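Engineer: Sequence:
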Amino acid sequence: MNTAPDVTIVTVCFNAREQLPACIQSVYEQKQDGLSIEHLVVDGASTDGTPGYLEEQLQAGRIERYVSEPDQGIYDAMNKALRLARGTVIAFLNADDRFLPGAIRKLASPILEGGADYAFGGARKESGGQFLESWSPNVKKAYIACPYCHQTLFCRTDIMREIGGFDDQAFRIAADCDFMCHLLDRKLRYRCFEEDLVAFSVDGASSNSPKAAADDMVLLLWKHWDVLFQRARTERDFAEFLTVDLLNKVRLLETCGHIRNKDIRPFASHLDRMWSDLEQAGGWPNLNLFSRVRRHFIQPLLERGRLGSVARASMLWYSYRNQLPAIHPYKDDVLRTYTLSGYMRLVAGKLKVKLHETFSIFHGKR
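Heads up, the sequence shown is in full-length UniProt numbering, so the first residue is 1 and it goes up one at a time.
Warning: the hint list may mix true and false statements.
[Unchecked claim] Below, simulated DMTMM-like cross-link-like pairs (lysine to aspartate or glutamate); rule was C-alpha separation at most 25 Å, straight line:
1. K80 with E194
2. K223 with D158
3. K140 with D6
4. K141 with D226
5. K31 with E194
6. K262 with D167
Just so you know, these hints were derived from the structure itself, not from any lab. Here the structure is a predicted model, which is why all the values come from computation and not from measurement.
Starting from the given sequences, assemble the full structure and let the hints guide the process.
Structural biologist: Take a look at the structure:
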């Protein structure tokens, strides 16, 4: 009788023959930690020798299963893997990423022992194998951005199936962030580990320029707007942070239209509705600011898909950001995550990864 494994580790790949050995090794080394681990590789019909290599790894007992066939993209492949997985717990590790020692047991144990429904942790950002910075989990950013690296997410397989996996119809590269939001919506039990548990390559699709991915991130906000807006109505600090984030996404959205030759007016319409909701929530010291933002930022995008005077819009945006109180729970997030000056104040390693993200263009690599 076949016994279901404790954990299924899924690796989705395409033309990743050079990256796979380190990934597979990082899983194989942890099969001696007392857990029953199934490593399932879903290949998108690669042409670089990946299928042959996977067959060798299967015969050597280093992976348990693989499939190699065309798919419709990374999230389609991940959903396929979800249907095939036999483990009680499931996690996804990209071909150019690897688990750090002891990570699988640490992340899976709280779930297998019944104390959590899912778990996640910190990750090391790397480029070309060189360490850049740590990505610490930050649940308060959920619904606005990815709160943690999805390669660290371990989840009960039955819960992931119940949610429906990843929304590959709506999102190009943010379906994992969307899934994390669904986990939070359900008020499930989770365990957060602060230490780095995965080495995560910033050279993949999900690490590409925030500008090229702005449409996905606006859609993420819109899809979960009811939750965000209710929180903004009860937490003034969060409402201020959210308004700055919306302003930032307007600026990124315009660039996204240029980079991808995309009509971004439907997404600008979502932003306009969200901005209107915040304005009508009331209690703002300067309501005139909202009308100025609509005039200089949102209306030009709605009408032409372009901003009016970029310099004027930028001055208005920085003016609003500077109106945040000097002591503010989200001040550091605004300065570090959403402003160019914040980028430039990062240490050398962080500056390197931010510049990489800024100038890379989405090319569909996974």
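Engineer: Checking against the hints above, which ones are violated?
Structural biologist: 1 and 3
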